[in-house]
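Enquirer: Heads up: the sequence lines are chains A and B, in that order. Those letters in the first sequence? Residues 35 to 217, by the numbering used here. Those letters in the second sequence? Residues 34 to 606, by the numbering used here.
Hints in this document: simulated from the structure, not taken from any laboratory. Everything numeric in this text was worked out from a predicted model, so none of it was measured. Ideal Cβ positions, reconstructed from N, Cα and C, are used throughout, including at glycine. Careful, some of the hints might be misleading.
What the hints assert, rightly or not - No farther apart than 25 Å at their CA atoms in a straight line, the calculated lysine to any residue pairs in the SDA-like style are these: (1) 92/A to 590/B; (2) 212/A to 105/B; (3) 98/A to 590/B; (4) 98/A to 329/B; (5) 92/A to 105/B; (6) 102/A to 105/B; (7) 193/A to 126/A; (8) 104/B to 211/A; (9) 227/B to 210/A; (10) 196/A to 231/B; (11) 102/A to 216/B; (12) 98/A to 327/B.
Said to hold, decoys possible - Label-pair ranges, simulated between beta-carbon atoms: (13) 183/A to 205/B: 35 to 41 Å; (14) 178/B to 194/A: 47 to 53 Å; (15) 77/A to 309/B: 55 to 61 Å; (16) 386/B to 204/A: 21 to 27 Å; (17) 35/B to 77/A: 47 to 53 Å; (18) 50/A to 520/B: 50 to 56 Å; (19) 160/A to 40/B: 54 to 60 Å; (20) 203/A to 418/B: 56 to 62 Å.
Said to hold, decoys possible - Not close to chain A: a few residues of chain B, all C-beta gaps over 10 Å, as computed: (21) 267; (22) 329; (23) 351; (24) 418.
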Amino acid sequence: MKRKYTFLIYTENHIGLLNRISIIFTRRKINIESLTTSTSRHKGIHTFVITVNTTREKAEHLRKNIEKQVEVLKAFLYDEDMILSQEVALYKVAIKHITQNNTIEALIRNNNARILDIEQEYLVIEKTGNHEETQKFLELLTPYDVHEFIRSGRIIITKPMKRLESHLKDLEDESAHKKEFID
Amino acid sequence: MKLNLQNISGADAIFQALMAEGVDTIFGYPGGNNLPIYNSFYDYRDKVKHILVRHEQGAVHAAQGYARVSKKAGVCMVTSGPGATNLITGIADALLDSTPIVCLTGQVTSPVLGYDAFQETDVVGISMPVTKWNYQITKADEIADTIAQAFYIATSGRPGPVLIDITKDAQQEMLAQFNYAPCERIRSYHPYPKPNSVEIEEAVHLINTAKKPLIIVGQGVLLSGAQDEVMALAEKAEIPVAATMQGLSAFPSSHHLYQGMVGLHGNVAPNKMTNSCDVLIALGMRFDDRVTGRLDKYAKQAKIIHIEIDPAEIDKSVKTSVAINSDLKVALRLINKQIQANQHTTWLKYAKEFYELEKEKIFSNDLHSTENQLTMGEVANVLSELTNGNAIIVTDVGQHQMATARYYSYNSTDSWVSSGGLGTMGFALPAAIGAALWEKKRQIIAVIGDGGFQMTMHELGVLMQYNLPVKVVLMNNNFLGMIRQLHDVYYESRDFFGELQNPDFCKIAEAFSIPSYRVSERHNLRDAIQKMIDHDGPYFLEAMVAKINNVFPMVPTGAAVDEMLFEEPKKVE
């Protein structure tokens with residue numbers, strides 16, 4: 035049964051990793067619904083947040099193949115219940131609609147959005163929320179003629195309390211860099 | 034070995050690093066964008082041998098052959114553009130077959146990257162899906178660390194191919210200071226997972242209480258060097274052993290516990306035992322589809338113990354009962370400490386019955402044919418007898434590969450070099466060349482079909498130029514035999530455009546100054562092969578074999594491993 039799964043991947047900050055990771059998905063004909071990449075707070079470590087719609091088995095198989103890449107430190111797999119996600123959306127609306135009536139201001143206020151910028155001809159509204167919320171707001175704004183719209187990829191915070199450093203330490207303990215005999 | 038040098042060029046730094054890594058042979062082809070490297074090569078010609086191939090694909094397959102027999106990383110060195118892209122087939126082959134190779138490709142100067150310069154290709158992009166790791170060096174100060182990492186990554190954990198692209202300006206740049214040290218660790222890479230003691234205990238318990246255990250050895254046994262540990266386990270607990278194709282020679286064929294090869298064209302006993310054993314001990318194998326047949330009917334009755342170094346292979350195709358994610362030798366040493374002595378006489382007798390069945394239905398046709406023409410099986414069999422099963426056998430891809438896998442007796446370890454996962458035709462001749470650059474004592478025999486031979490036969494020039502003692506046995510049936518067999522089994526034996534109008538292969542060998550002989554009659558076979566073996570230097574033996582010589586038994590698509598075909602299915606008229 036297909037469900038939404040999100041990968042949180044920590045990697046070295048090297049050129050080419052985006053390509054290496056994305057081909058793991060495309061090879062299996064899995065569509066990436068959202069991909070966000072940015073620097074983490076740890077020096078030299080980069081993050082990728084990738085959301086797909088697939089079966090649990092396939093997702094776990096993908097996770098192992100991602101983590102196997104030399105420059106991937108750790109790859110986590112989450113279903114929707116284990117994460118909190120947000121995305122940012124920007125909406126550009128022509129100014130004439132504001133001056134004509136006040137309902138757009140009420141709309142902005144009631145939907146926890148805010149005005150990011152006001153120019154002579156347009157204003158830019160920003161809304162943070164989950165996918166459904168930013169989509170709903172877009173639909174509410176449509177009568178006001180949205181000139182331009184963009185949505186960011188999603189970012190996530192995970193529910194489990196174990197820190198990345200702890201996961202990385204486990205990896206060091208459970209694995210060796212050289213072949214070692216234990217007996 | 035650490036190095037500390039001053040004022041050397043990038044090209045020199047490359048050689049210093051390669052030699053520090055123990056490289057003594059490079060298979061290569063010079064070009065415009067690796068000229069500085071080749072210029073430096075001259076200064077190192079006494080320390081590092083250069084083998085000029087005839088096509089870059091030959092260089093990468095040779096690196097593979099070298100790696101397979103030496104257990105070191107094979108190295109090839111080519112120029113940019115078409116030189117680099119010609120490596121891709123071999124790199125993909127090395128990835129699927131876990132072979133450690135380091136491919137050095139020249140590249141245009143860094144300012145023109147991305148401007149469609151002469152002989153420029155994005156080889157890092159192109160090779161990304163088929164390499165374990167790759168990197169582009171644009172500054173000479175990256176050389177030391179990159180080469181150290183390349184060798185560490187290629188040879189550690191599950192081995193694989195690494196490609197390093199070096200821009201021409203990096204090759205020419207002068208380095209004030211060159212410090213080299215081998216790579217000991219990469220923080221994001223954990224090649225040797227430690228075995229979990231709980232899983233070790235469970236595996237030991239399953240093995241000790243098994244009534245019908247079966248060991249399947251894969252290439253992992255050879256890669257890990259765990260032959261002694263496997264032998265100790267098999268003998269102490271009296272467990273029959275079968276091999277995947279890439280695991281051939283991991284366990285001696287002549288041993289009384291050895292049952293043969295599993296899978297698509299394997300022997301009857303191993304396949305039947307797979308679907309009737311109670312404990313399946315999978316050592317260094319990945320349950321490839323050529324081995325399993327249909328997965329929903331594969332070893333469903335058995336508890337499966339899987340010892341495997343690559344965590345992505347565990348539970349990928351086949352669900353395991355106990356998975357030990359570790360190097361095989363490391364794990365087996367722990368397991369063997371607790372294995373009890375045991376006997377499985379009835380189980381072994383059961384296996385023997387299948388051997389007798391196969392002997393009657395298949396061996397008799399393959400080895401003791403009364404037809405006029407030679408069979409591939411009998412050529413392989415005589416080869417085996419006359420070399421005492423001790424040669425290194427390098428095969429190409431097709432029916433001859435299956436016949437040689439089945440009918441050569443692998444009595445020494447590390448004796449089988451073939452393209453398994455990718456099934457690359459044309460692999461054998463250059464791979465045999467690579468093997469010959471390392472192995473000086475054992476015979477190296479390349480068994481090739483007429484289709485595959487024509488894909489890389491130009492590499493005969495390398496045998497000639499370097500007088501390499503590779504013996505080439507060409508099994509010629511003027512056909513793409515394996516494809517024809519597949520048509521016979523799955524379709525209606527219509528013309529599938531696979532009939533080859535071949536040149537006079539012996540004349541081609543002679544043109545390369547290689548002595549040749551054509552054998553087509555049974556009574557000449559032994560003498561012809563003996564003459565080849567006794568000859569000092571390269572030799573070409575063409576064996577004319579029967580036009581139709583389909584390899585059986587066969588597990589057709591959609592069948593379980595124990596539902597083998599012994600002959601072509603009868604067509605309904």
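Enquirer: Decide, hint by hint, whether the structure agrees.
Expert: Tested hints:
1. 92/A to 590/B: Holds - the C-alpha atoms of residue 590/B and residue 92/A are around 23 Å apart, at most 25 Å.
2. 212/A to 105/B: Roughly 15 Å separates the two Cα atoms, so the pair holds.
3. 98/A to 590/B: Between residue 98/A and residue 590/B the Cα gap is close to 28 Å, so the pair fails against 25 Å, i.e. violated.
4. 98/A to 329/B: Within the cut-off at roughly 23 Å; holds.
5. 92/A to 105/B: Roughly 35 Å separates the two Cα atoms, so the pair is violated.
6. 102/A to 105/B: holds (22 Å)
7. 193/A to 126/A: violated (34 Å)
8. 104/B to 211/A: holds (18 Å)
9. 227/B to 210/A: Given that 25 Å is the threshold and the Cα spacing comes to 7 Å, the pair holds.
10. 196/A to 231/B: holds (24 Å)
11. 102/A to 216/B: holds (19 Å)
12. 98/A to 327/B: Given that 25 Å is the threshold and the Cα spacing comes to 24 Å, the pair holds.
13. 183/A to 205/B: 35 to 41 Å: violated (50 Å)
14. 178/B to 194/A: 47 to 53 Å: Taking Cβ atoms as reference, residue 178/B and residue 194/A lie about 35 Å apart, which means the hint is violated.
15. 77/A to 309/B: 55 to 61 Å: holds (57 Å)
16. 386/B to 204/A: 21 to 27 Å: violated (50 Å)
17. 35/B to 77/A: 47 to 53 Å: violated (27 Å)
18. 50/A to 520/B: 50 to 56 Å: Because 42 Å falls outside the window, the suggested range is violated.
19. 160/A to 40/B: 54 to 60 Å: holds (57 Å)
20. 203/A to 418/B: 56 to 62 Å: For residue 203/A and residue 418/B the Cβ distance comes to about 58 Å; the hint holds.
21. 267: With a cut-off of 10 Å, residue 267/B remains clear of chain A, as the shortest Cβ separation is near 19 Å.
22. 329: Consistent with the label, residue 329/B stays out of reach of chain A, its closest Cβ about 14 Å off (over 10 Å).
23. 351: holds (13 Å)
24. 418: Since the minimum Cβ distance to chain A is about 38 Å, residue 418/B lies beyond 10 Å and the statement holds.
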